[in-house]
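> Each chain is listed here by its residues.
There are 2 protein chains.
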Amino acid sequence: MPQTSDANRRIVLAERPRGMPDDNTLRLETSAVPEPGPGQMLVRTVYLSLDPYMRGRMNDAKSYAEPVKIGEEMTGQVVGEVITSNVDGFAPGDMVLNGSGWQDYALSDGEGVMNLGPDPENPSWSLGLLGMPGYTAWAGLLLIGEPKEGETVVVAAASGPVGATVGQIAKIKGCRVVGVARGPEKCAHVVENLGFDACIDHRAEDFKEQLAAACPDGIDVYFENVGGKVLYGVLPLLNAFARVPVCGVAGWYNLDGLPDGPDYGPMIMSTVLKMKVKLQGFIIFDSFPASTYKDFRRDMKDWLDQGLIEYREQVVEGLENAPAALNDVLEGRSFGKVVVRVG
Amino acid sequence: MPQTSDANRRIVLAERPRGMPDDNTLRLETSAVPEPGPGQMLVRTVYLSLDPYMRGRMNDAKSYAEPVKIGEEMTGQVVGEVITSNVDGFAPGDMVLNGSGWQDYALSDGEGVMNLGPDPENPSWSLGLLGMPGYTAWAGLLLIGEPKEGETVVVAAASGPVGATVGQIAKIKGCRVVGVARGPEKCAHVVENLGFDACIDHRAEDFKEQLAAACPDGIDVYFENVGGKVLYGVLPLLNAFARVPVCGVAGWYNLDGLPDGPDYGPMIMSTVLKMKVKLQGFIIFDSFPASTYKDFRRDMKDWLDQGLIEYREQVVEGLENAPAALNDVLEGRSFGKVVVRVG
Chain A
1 MPQTSDANRR
11 IVLAERPRGM
21 PDDNTLRLET
31 SAVPEPGPGQ
41 MLVRTVYLSL
51 DPYMRGRMND
61 AKSYAEPVKI
71 GEEMTGQVVG
81 EVITSNVDGF
91 APGDMVLNGS
101 GWQDYALSDG
111 EGVMNLGPDP
121 ENPSWSLGLL
131 GMPGYTAWAG
141 LLLIGEPKEG
151 ETVVVAAASG
161 PVGATVGQIA
171 KIKGCRVVGV
181 ARGPEKCAHV
191 VENLGFDACI
201 DHRAEDFKEQ
211 LAAACPDGID
221 VYFENVGGKV
231 LYGVLPLLNA
241 FARVPVCGVA
251 GWYNLDGLPD
261 GPDYGPMIMS
271 TVLKMKVKLQ
281 GFIIFDSFPA
291 STYKDFRRDM
301 KDWLDQGLIE
311 YREQVVEGLE
321 NAPAALNDVL
331 EGRSFGKVVV
341 RVG
Chain B
1 MPQTSDANRR
11 IVLAERPRGM
21 PDDNTLRLET
31 SAVPEPGPGQ
41 MLVRTVYLSL
51 DPYMRGRMND
61 AKSYAEPVKI
71 GEEMTGQVVG
81 EVITSNVDGF
91 APGDMVLNGS
101 GWQDYALSDG
111 EGVMNLGPDP
121 ENPSWSLGLL
131 GMPGYTAWAG
141 LLLIGEPKEG
151 ETVVVAAASG
161 PVGATVGQIA
171 KIKGCRVVGV
181 ARGPEKCAHV
191 VENLGFDACI
201 DHRAEDFKEQ
211 LAAACPDGID
221 VYFENVGGKV
231 LYGVLPLLNA
241 FARVPVCGVA
251 GWYNLDGLPD
261 GPDYGPMIMS
271 TVLKMKVKLQ
281 GFIIFDSFPA
291 STYKDFRRDM
301 KDWLDQGLIE
311 YREQVVEGLE
321 NAPAALNDVL
331 EGRSFGKVVV
341 RVG
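Here the protein sequences come in this chain order: A and B. The working numbering numbers the first residue of the first sequence as 1 and each following residue consecutively. The working numbering numbers the first residue of the second sequence as 1 and each following residue consecutively.
Only chain A is shown next, with the shape it has when bound in the complex (with noise of 0.2 Å):
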């Protein structure tokens, strides 16, 4: 079932899974297309991103954002086209960047919505180097990894847009940068095409070996967006006052409790303490001043005219397909930013 003028395809959270989604998570419906009112416009949804962080929203727990509620449509954020307008600075044909979700149409005030123009260049990349995962990359590693020039910076899920992002960056910065994905495929995308110096596939028997020995100099900045086992294997190697920015826990999403043991928590708590690291939490538009974001759409609008940065994705075809996408996302079987083509 294709996009229409005619009706408003929905994906709704169903039920809360436990564990990764299944065909019980979400649920396609069809309602009327909303009629904008007065100081309202009418958005049509062309791409829809999909991130790791959905996943979390599906849970209801105290987390940084409130969870979707059972029955509503998931949220994310689309890149879409003003059909009709009652809002200032708004026109139809604008191309905009909305958090309208997982949906074909939606109502907006023009709050927090970003005016893109009617013909930009690469609209979707708004959803990923441009945007919320490219803000990510930049800010995790510059503004709480501080790398330095000629320090070792290990970057986990590599191949994804937050974490190809951060590597080329560290790069920019004359770091040794080593990157962990998912399969030779993805590693040697990492390597050649990114320009990583290393890349090592999380999968491998002897991945803390391989990795130990990426990092002869120890790792001073671990960009940490997937914990579970790249994290134990970093550990060890971290060097006194290495800094860790913590941007995600994709590997543990999927949680239902406490995991079973051993208890990783005493070599986390004992390695800060030894090595002095600093391990910091942070979301992207709550934990840095507004006015960072200018100087990160200049640095990266310079990186790109400069040719110094590489940018994969990978474009899923209907609305309909977004949830088995989003487990791709989810299990590391994607590469390069997801986007959903809706209409």
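Keep in mind the hints are simulated off the structure, nothing from the lab. Each hint should be verified, as a subset may be incorrect.
The list makes no distinction among identical chains, and a pair is therefore deemed to hold if it is satisfied within one copy or across any two copies.
[To be verified] Here are the simulated lysine-lysine pairs, DSS-like style, with alpha carbons at most 27 Å apart:
| hint | residue 1 | residue 2 |
| --- | --- | --- |
| 1 | Lys-69 | Lys-274 |
| 2 | Lys-148 | Lys-294 |
| 3 | Lys-208 | Lys-148 |
| 4 | Lys-171 | Lys-294 |
| 5 | Lys-229 | Lys-274 |
| 6 | Lys-274 | Lys-294 |
Computed from a prediction, not measured in an experiment: that's the story for all the values here.
Starting from the known structure of chain A, fit chain B onto it as the hints suggest.
Below, chain B alone, put in the same frame as chain A:
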């Protein structure tokens, strides 16, 4: 066997303990009193400091300081008296603060030795409130914890020399302060004499519930010096942008490898992420600019002059009793700052 002028008793590391030190861990030896050469002085130990970090030095593991070698005397800070001196600035009769370890006599070239003068008030306090533990409390709380008026600060080992000082400084800064200590006697002392708002016995079966009830507005700063169940009780209560200075993990110093599960690693990392927590380890003489030491001494003298700080010391008689007293410190049976009167 008391201190005499014709033999040097030394307590050396006989073997590396697994778990808690026992009768085989340390050994008392006797050797000749050394003779100072040119540029050296002889210092006689008067007070020896006992501190939880000493357990860590018994391990043969990568840490922030070299492990004690087998057959070498245990490290430790002492307040001693200069007996003979060929060092400018030090005269017989001067009291000094020196890192000469668990022994009656030591030679020194004056490097790293602080002269307290011939008749200091409360000389042993330089091992506690006015020395390393006090500076640890001051710097960890103020420079990493950054408490703001009205915030809630939780301090473990609240009757110990570091914890007691952290809590009293936090009160001076206008915070709500909740201590955690072992047993009702210590908890009463923490509230009645030190002025904390509440103190929870960590051995209570409903420890977590009591802690939550004592922190109705959540926790903004957790001064970490024990690890273990106190940490795991604190994590769910941390507020957004909480700060956790990590000064020690005393409850885990005796660990031999990873303990049984469940694995709290995911809970630590998810909390750091969701609540945007800064968790930062520090080692007092490594982590801060030397200039901050003067700021600490100035603040502490002001507060003592104003009667704002209480200090409790427990004096153990005799070097031969130091090993058992250290175990008391490690297991939380001591009360206040423990020093050994050696001579």
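> Enumerate the violated hints, using their earlier numbering and listing them in ascending order.
none
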